[in-house]
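Sequences and hints are given; from them, build the entire structure.
Residue numbers (the numbering used here), protein chains in the order written: chain W, 83 to 370; chain D, 82 to 229; chain E, 4 to 343; chain S, 137 to 404.
Don't read these hints as lab results, they were simulated from the structure. Don't take each hint at face value.
[Stated by the list, open to error] Straight-line alpha carbon distances no greater than 20 Å define the calculated EDC-like cross-link-like pairs of lysine to aspartate or glutamate that follow:
1) W:Lys244 with D:Asp176
2) E:Lys34 with W:Asp194
3) D:Lys208 with D:Asp181
4) S:Lys312 with S:Asp330
5) E:Lys292 with W:Asp196
6) S:Lys344 with S:Glu323
7) D:Lys223 with W:Glu254
8) W:Lys234 with W:Glu177
9) E:Lys34 with W:Asp192
10) S:Lys344 with E:Asp288
11) S:Lys157 with E:Asp78
12) E:Lys308 with E:Asp114
13) D:Lys217 with W:Asp350
14) S:Lys387 with E:Glu310
15) W:Lys149 with E:Asp211
16) E:Lys292 with S:Glu399
17) S:Lys206 with E:Asp275
18) W:Lys91 with W:Asp178
19) S:Lys398 with E:Glu224
20) E:Lys308 with E:Asp211
21) E:Lys55 with W:Asp255
22) D:Lys223 with W:Glu256
23) S:Lys236 with S:Asp358
24) W:Lys98 with W:Asp85
25) W:Lys282 with E:Asp257
Next come the chains, spelled out residue by residue.
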Amino acid sequence: MDDIKTVAKELLTSGKVNAVIGYIRYGNDKRTKPFIAQKPEDVDKFVINNFILNNLAVYLTRKEVSKLGKVAVIAKGCDAKAITALIQENQIKKEDIHVIGINCNGVTKDFDIDFNSENIAGKCLNCDVRTPKLCDSLVGALADIPSGEDLKLKMIRGVEAKNAEERWDYFEDEFNKCIKCYACRQACPLCYCEQCIVDKSIPRWIESSATKRGNFSWNLIRAFHLAGRCIGCNECERACPMDIPLSLLNRKMAMIAKDEFNYDAGTDMNAPTLVGSYDLKDNEDFIE
Amino acid sequence: MENKNQDPKIVAFVCNWCTYTGADLAGTSRLKYQPNVRMIKLPCTGRIDPVFIIKAFEKGADGVLVSGCHPGDCHYNAGNYHARRRWIMFHKLLDYLGIDESRLHFSWVSASEGKKFVDVVNAFTNKVKAKGPFKKYENINKEFVING
Amino acid sequence: MEEKIISKENLLKLCSDLLKNNVDIVTPGEKGYIKIKNESEISLNSKSKHTKASFKEYVFPKSEPIIYYKKNQSDVEIIEPKVEEKTTVIFGAKPCDVRSISILSKIFNWDYKDEFFNVRSRNTVLIGMMCEYADEFCFCTSVNLSPTSSDGSDVFLVPHDENTFGVKIVTEKGADLLKPYENYLSAGNSEKTKAIEASVKQPEKVFDAEKVRQWISGNFENDYWNSIGKMCLGCAQCAFVCPVCHCFDIVDEDYNYYEGRRMKNWDGCQFDMFTKHASGHNPRDDQSKRYRQRISHKFKYYPDKFEEILCTGCGRCSRGCPVTIDIKGIVTEINELAIK
Amino acid sequence: MEVKEVITETPDTTTFRLQFKDPEVAKSFNFKAGQFGEYSVFGEGECTFCIASSPTRMEYLECSFKKYGKVTSALARLNVGDTIGLRGPYGNYFPIDEMKGKNVVFIAGGIGLAPVRCIIDNVLDLRDQFKDITIIYGARSVADLVYKNLLKEWQERKDIKTIVTVDPGGETPDWKGEIGFVPSIVEKTAPKSDNSVAIICGPPIMIKYTFPVMTKLGFREDDIITTLENRMKCGLGKCGRCNIGNVYVCKDGPVFTYTQMKELPQEF
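What follows is the structure, given as structure tokens:
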């Protein structure tokens, strides 16, 4: 299996791409940050380890990056799903990017913690895309990963078990923490709208104030706009400075999409999107 | 906002071609239904964005009724199929967040179903009346309200 | 400056008494600064990591109404809200956080005086505590602060050991707060306090703020800004957790057609919408320009205007940044560019 | 404030004539030419623009705005008798005292005439204290010219020189004024530059190309004055968005000389 540096260097020197988006170590050994290499020698800083948390697909739709021309991007299995979803939604073209897939051995929940069964990210526990489905080159080798308990799923089940009133109270409290910094939106690879619904002011559908009402509506609509689109990279939750358990919403929506339509986001770049298509046999028990 | 128990506020988002015409038919047929519904006509159920429903609740609606053409009858061929798929996701999300499912009602009412429209409105109004005002949403609305 | 000693037991009693006297106590919790209900929740750990957000929201709330209006026919009635005059004690804040109030009061009091801020800060008593936590993102020493600085605090605590704390009474306000509880305090031991303060590990001083200021003045169009702009995702996490970022937005909200309120909400300079004109023209239309504004505002514009660096070196913005854009690293690099 | 009169200037530009509801406030309110206000439609928000009438005519205030965003659209929907809010006056003003005894050139484009009009009226009311007065005004098309009646009035006055121009392609068959972009008309007109002050306001692109023309004509950079525009919210130097370098446009502006503008970071 090829080494990331060799692959990236080859892409840059041959001129196949103008830039490679990857990870470099930052600060201590348990932290990385995204980095855009434009010169072959920049590639030497690239690392692949258990702390490459960022989903680099978020950069592909950004104006500052698309200016660079054709880019290569390092993608874990979940990141490759995001790229697939972006292609599905016609935001990027397959031929404009080069995906360097990595055989992923799991990542941590956050930086600065050890990689072990306690700290492994929930999304890695039952991961079915440790080898990315969509990639132009593949690097790294698979190894055993620690197993752990999927706490978030347990939380979802916990919320489901509550009655409606308790659920409302729970989410009202959680959402009330929101400060409207929109880190969740900006960190999300699929939140690429040029103007977000919350920034639209004529009329103002979603209030920008961080009040209970504004927060509730914002988090509700964010979850809905990602329904059937969220690929579960969980970057929103990691980015949230107020520790709102956003995955409780996104994952629940993905579960609904699976139950209702047997749909998994980001698995087939040629498939129609979930809300962009329909089936005559869709469930309508709830409609009178 | 007073006397909410007797007088719930209901917002109906209806499609221009079927339900609205159905409501018209109810009118011309002199059928009576409860007057709590404020109807908002849209070109198609496919145009009913979930933010409309959120906004309705924000502005104090106790119930929201969404209605359009039966499957297969859409004036634009597939608008209601798209809408249906969206509603499946949306009503499950609202339920998960703890918004009482019975405050949001979906129905198909065609242009010829004046009677069905009356029944739907009456049944839904009674249901919302029984539920009483939407206290939970009112609470978050009234944060920082004038005079405390 | 008067110095006293207080035992942990008495400190808790003091908090309990304050709570009984209807004083709000805000203390660093596990996730953020929290208003406590019981004195046992108080934070006495000088080694704890910074909370994710600062206590800014207790003096400058994330959202607050500035006026209410009631319309009838063509007339409008305006009701101005009153900020409640209630004493709040910020207990056990780090020296970098405590400093934020005096920095912020410069902007809120030049020219027009912002009463919302002033009423709150007047009623806030700051009990700072020496800090024994330093990670790679801390740089208080570089912005002329230190983990032992009582600058900005009304009362400053220095833990002597697990059960005793040195109490420095820094301001009148601090003395007034403690006056009724004098019997909890005993004579001070400033020698010991000094020794402990000297033993605290100080974060390394990594840049010279004055050099950085000069470099920024002459390098508005430097390519260096572009390299950051490419990586920044454009959220306002950094601004919202920052103890001294103070930009805000003003929007109207209505309950119904006749009644509503005008809100003052936090806003951040990394948003595209922040400076976008109605016509579509945007003076800062690129992420690198927006990031340049952030750094320049903190290390040049604010010092130029108010002689105060708009940064306390707490490192929150970097710790929380989704893509680890490290302000300390960036300013250090600027410092190196300046030396060259 | 009560809307007393609504004047439709162009299809998308409206002028309001406003009067204070409270006579006490009306008595105490005063401002200087060039200052701006924060106008609000309750429930929609606030919006910043200059006071377009002259401080020498205090019986009413005027403001002109172009329908663009949320608040201006809401303003455009208002009728006579409606109430709007006004905070202000904010910002600095044109140095009218220093301009006395000098030649004055006013150059404006599009809706940029509104802030200039304030000072023009002010100067005209004190006509004998100034020397030659030249007004050069341009708009995209004939339909986009604002204050048509005033323009006519100015053109009829013998003691001032008024030139009105429209961009090429914007003329109508019966258009009698100049055709051409403002900078080239300024160059053609070549107003006297010694002992003169020029006041310029218009779209950024017009200002950008007029500056070199002015320097070429021999105007001192200190004597070229313009008013800047930025997105503003508070008007009090707090909220941070109108900040350009060290200055807050809402406090230290909106009136700047060319010299001052050159010192600022080029970010407007």
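Earlier hints that do not hold, by number: 4, 5, 8, 13, 15
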